[in-house]
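*Asks:* Protein sequences appear in the order of chains R and L.
Here the working numbering is used: the first residue of the first sequence is 1, the next is one more, and so on.
Here the working numbering is used: the first residue of the second sequence is 1, the next is one more, and so on.
No lab work stands behind these hints: they were computed from the structure.
Note that CB positions come from ideal geometry on N, CA and C, so glycine has one too.
The reader is advised that the hints may include incorrect statements.
Looking from chain L toward chain R, a few residues come up when the C-beta cut is under 8 Å (computed) [unchecked claim]:
1. F30
2. I67
3. F99
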Amino acid sequence: MKPAEPAPRGYLHRQLEAIGTRVASGCEEVGRFFYILSTTLHWTFRRPFDLKEWGRQMVRVGVDSVPVVGLTALFTGAVMALQTFRGFERFHAEGFVASVLSLSLTRELAPVLSALMMSGRIGSALAAELGTMRVTEQIDALYAMATEPIHYLVVPRVGACVLMLPPLVMCANGLGILGGWVVAVNLLGANPVVYWQRTFQYLDLNDVMSGLIKAAVFGLILSVTGCTKGYFTSGGAEGVGRSTTAAVVMGSVVILLSDFFLTKILF
Amino acid sequence: MTSPSAPVPAPADATPAVPRIAVIDLWKAFRGKEVLRGVNLEVTAGESFVILGGSGAGKSVLLKHLIGLIQPDRGHVVVDGEDLTCAEPAVCLQIRRKFGMSFQEGALFDSMNVFENVAFPLRRHTRMTEAEIADRVHECLQLVNLDGIGRKATNELSGGMRRRVGFARAIALQPEILLFDEPNTGLDPLTSAVIDEVIIGMRDRLPVTMVTITHDMRSAFRIADRIAMLRDGRILAVAQPEEFRQLPDPYIQGFLAGEPLEEEVA
């Protein structure tokens with residue numbers, strides 16, 4: 001006897017299936033992120049320490065990113081000065097432009113904008129690099145040589161991002177304040193001495209520190225996201241492309257979401 | 001299911017030697033599609049064992065199970081009495097150090113030149129000085145007839161050279177077991193013959209057990225002590241090369257003659 005044909009699936013059935021697939025895929029993404037994060041932490045303090053690779057990654061993440069992050073901060077400071085000056089002059093509070101600028105830069109703009117720029121520059125590069133290594137079996141080759149790929153590849157990259165984001169954000173702080181000063185003093189006629197005094201008048205060490213803590217956390221997020229996407233790449237060149245895009249999109253979204261919670265905790 | 005401590009079931013043509021690698025009732029499926037369906041085989045110490053099979057037969061998946069790159073759904077891979085499928089990650093890493101593996105396209109690290117690729121496992125796992133490493137790399141490259149190309153970038157190499165550099169890297173740590181993943185695929189007959197010569201040279205000069213997967217008949221008969229035929233995730237037969245040619249199985253005869261069965265064409 002012929003087995004009974006399965007009943008045709010109704011609209012509701014298909015919709016529920018689609019929702020279930022999306023939820024399962026989302027859970028899988030989160031699981032992969034935390035797998036890479038926990039394995040990275042597990043291997044971080046284990047021998048052998050490949051100091052040469054750590055150094056190489058720190059130069060790549062830190063030194064090579066100074067122009068991009070610096071330029072972003074410089075012009076953000078300049079635009080902030082223009083915008084706040086025009087706004088504040090309506091109620092004769094131009095004198096507070098410097099204070100607002102230094103506070104917003106150190107607490108928020110420098111860490112978030114730097115992290116977003118780095119997500120585009122480094123997160124995508126990590127996903128592409130590890131993804132290519134995955135599809136060309138280089139990661140399998142590491143396993144075959146009794147080398148844990150996460151120890152060799154992921155730990156130095158994540159470590160470099162966590163260590164180098166705070167100094168980059170310090171650079172961004174300085175250049176952002178400089179950009180604001182140049183615009184306020186040269187274009188808007190602010191008094192340079194008063195502007196300089198006001199810059200630091202309300203600025204606290206905690207403001208700077210909260211920005212640097214955020215920077216380190218963002219470094220962790222963008223690097224783990226990039227490495228996760230690259231490590232679990234499948235499907236050849238197209239798969240590498242997908243991973244690279246997803247690393248930037250996911251990294252940026254998670255940075256913006258976590259920014260809210262970090263700000264809530266650090267205030 | 002056979003327990004890991006139970007004796008490995010002996011195939012009909014088994015030699016009395018203790019198996020170096022025993023694969024016991026290995027099953028693996030990807031997204032519901034069964035790729036391995038109860039594979040059983042044994043590889044004895046010092047032999048050159050070739051696994052033949054068509055595209056999609058599950059050869060590469062089987063080879064990756066042997067070194068623990070893929071975990072099976074069921075079954076066991078026992079290497080020198082240690083079950084790789086149940087071992088702790090640290091133990092797995094130790095077992096893997098017995099292996100050297102050459103990948104289909106070489107899987108060379110493209111951020112390193114040839115010398116650094118071959119030196120990589122030595123720097124990672126030994127306390128050799130740079131001079132000793134240089135000597136060993138030189139020795140390995142000599143064994144695959146590629147001496148003097150250490151400074152070349154990997155993207156300057158031809159397909160055959162990439163594979164031979166992969167061989168050199170695989171033997172750098174003097175492994176006890178060598179695995180070759182399709183060493184001849186995509187190569188012209190002359191380069192393919194050179195690759196075979198290199199493998200035969202390594203078999204004769206090194207005290208290693210070799211497992212090669214291929215679909216290249218000529219190469220298989222040149223390098224094998226024993227040949228296994230894998231079809232649809234199962235081992236059809238295991239035999240010495242001359243016996244293998246005489247096996248009456250229609251699929252094997254079709255494979256040898258290059259004539260597919262009617263059901264395959266359909």
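*Asks:* For each hint, tell me whether it holds in the structure or not.
*Replies:* To see whether the hints hold, each was checked on the structure:
{"no.": "1", "hint": "F30", "verdict": "11 Å, violated"}
{"no.": "2", "hint": "I67", "verdict": "6 Å, holds"}
{"no.": "3", "hint": "F99", "verdict": "6 Å, holds"}
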